[in-house]
Amino acid sequence: MAYSDTDSKMNNNIKNQKRENSPDVKNRLNRYMYVVIISGLAFAVFLLIAGFFINIAGSGSPADYKNYEQSTLQPEKLSIIFNSTSASALSLFEYAGIFCLILVPVAGIICAAVFFACNKKYNLMIIAICVLAILILSAVIGFMK
Amino acid sequence: MLIMLYLFLAGIFAGLIGSIIGIGGGILIVPFLALVLKTPIHLAIGTSMICVLATSLSASVRFFKKNMINTGLALVMEIPTTVGSIAGSITVAFLKNDVLFIIFGCFTIVSGIFTYLKNRFPEKFKPLKSAKTGTGSIFDSEYYDETSGKQVSYNVKNVTSGSAISVLAGFFSGLLGVGGGLIKVPAMNTIMNVPLKVSTATSSYMIGITAVVSSVIYFFNGFINPLITVPAVIGVLVGAVSGSFAVAKIKIKHMIAIILFVFISIGAMMFLRGFGILRY
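Just so you know, the sequences run in chain order A and B. Numbers given in my numbering equal positions in the first sequence, counted from 1, plus 256. Numbers given in my numbering equal positions in the second sequence, counted from 1, plus 649.
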């Protein structure tokens, strides 16, 4: 009887493992990733196009890039980046679009991490969190350098 | 206003060519900005990075829909790649313009020759025969191959070796504002036993994540100007979408000779510019 219970547990474990590694589970993750990325991309493109036309309607001109001054990496110096262009506030939508574009893959990784957690694939979840940590580290290096 | 139009058209060209021959397009954007529009090369690389990110995302959407991307494998390989990318992005701030021109020139020439050989002699770059399933690796997967109409299973091998090469791909990506797919795809295919189509799809997705790392660093360095970046990005996206439709109708063999000529020319110009022989 005891042997039967152990056997049954082993069978269940094998079934669970097969289910977790099955193509259906991976395809489901790909579907979620598809939705996240296409939504983020569409929103970013909307902001970029809106910003582009707002700039054309305003006085924005990329001619200033020749006198572009390299700003430092401190957060308060972000204003320098804005002031270094002639468009300033007009570029707000474009900056938002670029930021949104940068955030789309990050959202994808968060989605993957949550998915792996829900499906008890903890090793892959840890890897996803490690990638997220490195992305955050790069942002910190960007600020601090 | 005219410059915006040039940037938009350059983006379309880079996106179109990139999606036809399977590169990010950054390798074309940087020389255009640096040599034609005389943009400082650091700013050109920053702009290219955002273009590469946009191209990667648009390609990933298609590949995720077709279940071609191995997300787990992409995330594992992304750890060494991002470390390399951070190193490359930091290194760029310490290099002089001329040195960057020379490195970029060399990279472009090598990329051009490799792309030519890959398309001219595809039999030499055939994917390895997939091993049977059953090793139990968490990265093993399968995909539906549209050309053969079959479900193809594959086992992933040598993850450590593949990851080591990813550091190099990440470094060049961060340093030069290119995708790094030219290094990653052959490594995944030949060393890790990942089918070529899955390698290409997974690499496309990875390029986007790597680009995030570099983009953030470039942005806070002040190397990304939206007035230059946005028209180029919109152009790249339009070009990439058009290219994905055009790729079925264009004969790659005829085009690849032109691509080789373009790459060698751009590489040579960047190289000569780096040595001060060519001045604009």
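Please note that the accuracy of each hint is not assured.
Keeping only pairs whose Cα atoms sit at most 27 Å apart, straight-line, the calculated DSSO-like set for lysine-lysine is [stated by the list, open to error]: (1) B/715 - B/846; (2) B/714 - A/377; (3) A/377 - B/715; (4) B/806 - B/714; (5) B/799 - B/715; (6) A/376 - B/806.
Everything labelled a hint here was simulated from the structure, so no lab data went into it.
Do the hints match the structure? See the list:
A hinted pair counts as satisfied when its Cα atoms are at most 27 Å apart, and residue 715 of chain B with residue 846 of chain B qualifies at roughly 11 Å. Between residue 714 of chain B and residue 377 of chain A the CA atoms are separated by roughly 22 Å; this keeps the pair inside 27 Å, and the hint holds. For a cut-off of 27 Å, the pair hint linking residue 377 of chain A to residue 715 of chain B stands: about 23 Å separates their Cα positions. In summary, the hint linking residue 806 of chain B to residue 714 of chain B is supported, as the alpha carbons are separated by about 25 Å, within the 27 Å threshold.
For the hint pairing residue 799 of chain B with residue 715 of chain B, the CA-to-CA distance comes to about 13 Å; that is within 27 Å, so the pair holds. A hinted pair counts as satisfied when its Cα atoms are at most 27 Å apart, and residue 376 of chain A with residue 806 of chain B qualifies at roughly 23 Å.
Taken one by one, the earlier hints all hold for this structure without exception.
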